[in-house]
Amino acid sequence: MADSLNAYLYVGAILFALGMLGVLVRRSLIVVLLSMELMLQGVNLTMGAFGVFNEDMGGYMLTLASLTIAASESVVGLAILVVVSRKARELYTDRMDGMKW
Amino acid sequence: MIEHPWLIPLAPLLAFAINGLLGPRYLKKATGVIGSAGILAAFLLTVWLWAEGEYGEATLFEWLASGSLAINIGFLVDELTVVMLLVVTGVSFLVHVYSIGYMAHDGSFARFFAWLPLFVFSMVMLVMANNFLSLFVFWELVGVCSYLLIGFWHDRESANNAAMKAFLVNRVGDFGFAIAIFMIFWNFRTLEYGAVFAQVGQADPETVLVIALLLFVGAMGKSAQFPLHIWLPDAMEGPTPVSALIHAATMVTAGVYMVARMAPIFEVHTTALLVVGGVGAFTALFAATIAVVQTDIKRVLAYSTVSQLGLMFLALGAGVYTAAIFHLATHAFFKALLFLGSGSVIHAMHDEQEMTRYGGLRRKLKWTYGTFLVGGLALSAIFPLAGFWSKDEILAGAFMRGASLDGDGLFIVFWALGLAASLLTAFYTFRMVIMTFHGDPRDAELHERAHESPAVMVAPLALLAVLAMGAGAVLGFPPEHGLIHDFLHHAPGILHFELTGNQTIIAISLAVISTAVALLGALGAYMIYSRGAPRAESIGQFVPGMHSLLYRKYHIDEIVNYGIVATTKVLGFILWAIDAKIVDGIANLIGWTVRALGGAARQVQTGQVQNYVFLMALGAVVSVGALMIFR
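Line by line, the protein sequences are chains A and B.
The opening position of the first sequence corresponds to residue 53 in the working numbering, with each subsequent residue numbered one higher.
The opening position of the second sequence corresponds to residue 69 in the working numbering, with each subsequent residue numbered one higher.
Some hints here could point you the wrong way.
[What the hints assert, rightly or not] Beyond 10 Å from chain B on every Cβ pair, some chain A residues (computed): (1) Ile82; (2) Thr98; (3) Phe105.
[What the hints assert, rightly or not] Covered by chain B, according to a simulated footprint, are these stretches of chain A (three or more residues, beta-carbon under 8 Å): (4) 70 to 76; (5) 138 to 149.
Derived from the structure by calculation, the hints contain no laboratory data.
Just so you know, even glycine gets a beta-carbon here, dropped at the ideal spot from N, CA and C.
Full structure from sequences and hints, please.
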């Protein structure tokens with residue numbers, strides 16, 4: 053059973069890395085948001101696995117809290133996305149460089 | 069009256085305020101009357117003050133107070149002040165009246181009659197000051213007014229340059245004056261005349277000598293003594309009444325007055341008196357030689373003023389202060405007369421100032437000719453006109469000072485210089501009179517259109533002619549004991565020069581000598597310019613280059629231009645270059661460096677969200693990695 057914790061951790065890390073890759077390289081904002089969810093799920097999976105294997109309720113609790121926050125975050129993110137798409141009529145990250153200087 | 073001496077300067081100040089504020093728009097031609105009335109009021113108040121005969125000091129208000137220093141705006145009224153006030157306001161009043169006629173067609177009539185009373189106000193305040201600081205302030209204000217009036221026709225470049233020149237040359241003198249005042253305060257801890265004069269006796273004589281010489285530098289600037297005389301002839305660019313005012317009443321007399329007032333300081337060290345007398349005597353002859361060859365009528369008069377002022381300083385140096393002030397008064401009368409007369413001629417000749425185009429005007433300008441001749445005779449010091457009495461007293465004073473046992477032998481030399489100047493004075497005066505009024509018209513067309521000036525201009529001329537004729541004998545007879553001598557006798561701080569029995573004969577023979585010399589000069593001018601034998605040109609060939617040297621005024625202007633002005637410009641250019649290239653360069657370098665650094669640093673800020681995220685992730689990886697490796 054000890055080996056299978058590592059398996060969960062590998063999967064979680066892979067999910068996180070894939071999400072990270074998506075955030076960094078994709079141009080579409082929607083895909084960037086999706087990738088962020090992917091990262092979150094990787095972390096959640098890791099925390100859930102720790103909770104199960106250490107028989108620690110803290111792991112479950114933290115996962116649930118994280119899920120709730122992730123849901124709120126996606127709402128805010130999507131709302132910003134809608135506003136931006138209305139203003140700029142496009143949703144590509146490399147076109148949005150108004151924050152420099 | 070003595071309780072309210074401030075009423076005297078108040079009158080011209082009010083005239084200035086009214087004319088300056090309301091003149092250009094509402095009063096227009098009425099400004100002339102208001103200005104003249106203001107000066108007349110000041111004159112009448114002065115006469116009142118004189119008639120009451122009570123003198124003293126009055127403080128109007130405390131102006132500055134700091135620690136032990138207290139500067140009051142105060143008035144000192146004594147005999148010297150009263151004589152100066154009478155001359156200044158009296159002559160100024162006549163000039164004002166004359167200006168109503170002379171400036172009648174000028175577009176800036178009101179502006180003229182605003183500056184003119186301000187000029188008189190400054191001079192009155194200068195004369196009445198009772199401490200060095202207010203003396204200096206009004207000394208400067210006189211300079212400002214002269215600047216404004218010399219440059220009155222500011223659309224002429226030459227007028228602007230002349231005004232600038234007058235101001236700058238005066239600054240050189242004022243520089244000395246200011247240092248003298250600093251030294252006075254440093255040594256005596258007060259600026260009140262009386263307190264300073266009470267202390268000079270105990271002070272270190274060398275220090276007092278330096279103060280006296282610096283004060284004299286200020287007087288040289290204001291009273292146009294060599295080498296600071298160069299501004300006065302250029303001051304001709306102003307309207308002729310302004311020249312009359314500057315030369316007779318309000319400006320150049322300030323230096324003479326100042327030295328007379330500061331007599332206690334000058335008397336501490338005889339060297340100071342020697343310098344004053346020497347510069348005066350030299351300037352008297354120097355300026356007279358230049359006046360001999362000038363052809364511009366006003367320029368001749370200007371150099372004659374410089375020369376006469378030199379005589380006044382000779383008198384101050386010789387210690388005959390009364391004679392200096394006496395000559396100041398008579399000179400004010402006849403020089404104002406001559407200037408206003410020349411203004412009348414220029415007016416008649418349609419602004420032509422070259423005497424080479426005059427001639428034969430005596431039949432056309434009868435009044436001007438008569439009064440001008442009186443002024444000329446007075447200037448030449450022909451017995452018994454005003455100039456004779458005062459000038460003879462100066463020369464006698466210088467001679468006696470040199471001959472007396474405790475005097476300085478050099479004053480005999482100064483006397484000789486003064487005598488030579490008298491000869492030339494008579495010569496150039498009659499040269500001017502003959503070239504202007506006698507002979508045949510040299511410019512027929514101009515002569516044809518010439519006309520006598522209006523009554524408002526002729527009346528002041530006639531009054532001044534009476535003064536130039538009679539003032540000398542009335543005020544100065546018998547010599548050394550006339551009205552003016554008795555009057556000034558009580559003025560504090562003024563040395564007196566007493567004639568004793570056997571000196572009377574010397575005095576009379578000196579008077580005969582100087583009269584003979586004056587007549588000789590006049591005769592010379594008559595022979596050369598009226599008879600044409602010998603001809604002026606043939607005399608000029610005696611010493612080649614002499615005429616051009618004199619005509620070019622000994623090249624003093626060129627020397628100043630190329631020596632001082634050019635040097636100053638080069639120095640200014642160097643300093644500018646240092647400022648522009650080095651000082652500014654350092655400041656610019658700092659700015660440029662900061663910009664370059666900022667330009668390099670801002671490349672990081674792309675505005676691309678994903679770049680930032682990448683850098684954050686990289687930072688996290690690096691720091692966590694470092695933690696794991698170096699734990």
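Review point. Quick check: which numbered hints come out false for this structure?
Key: As far as the earlier hints go, not one is violated by this structure.
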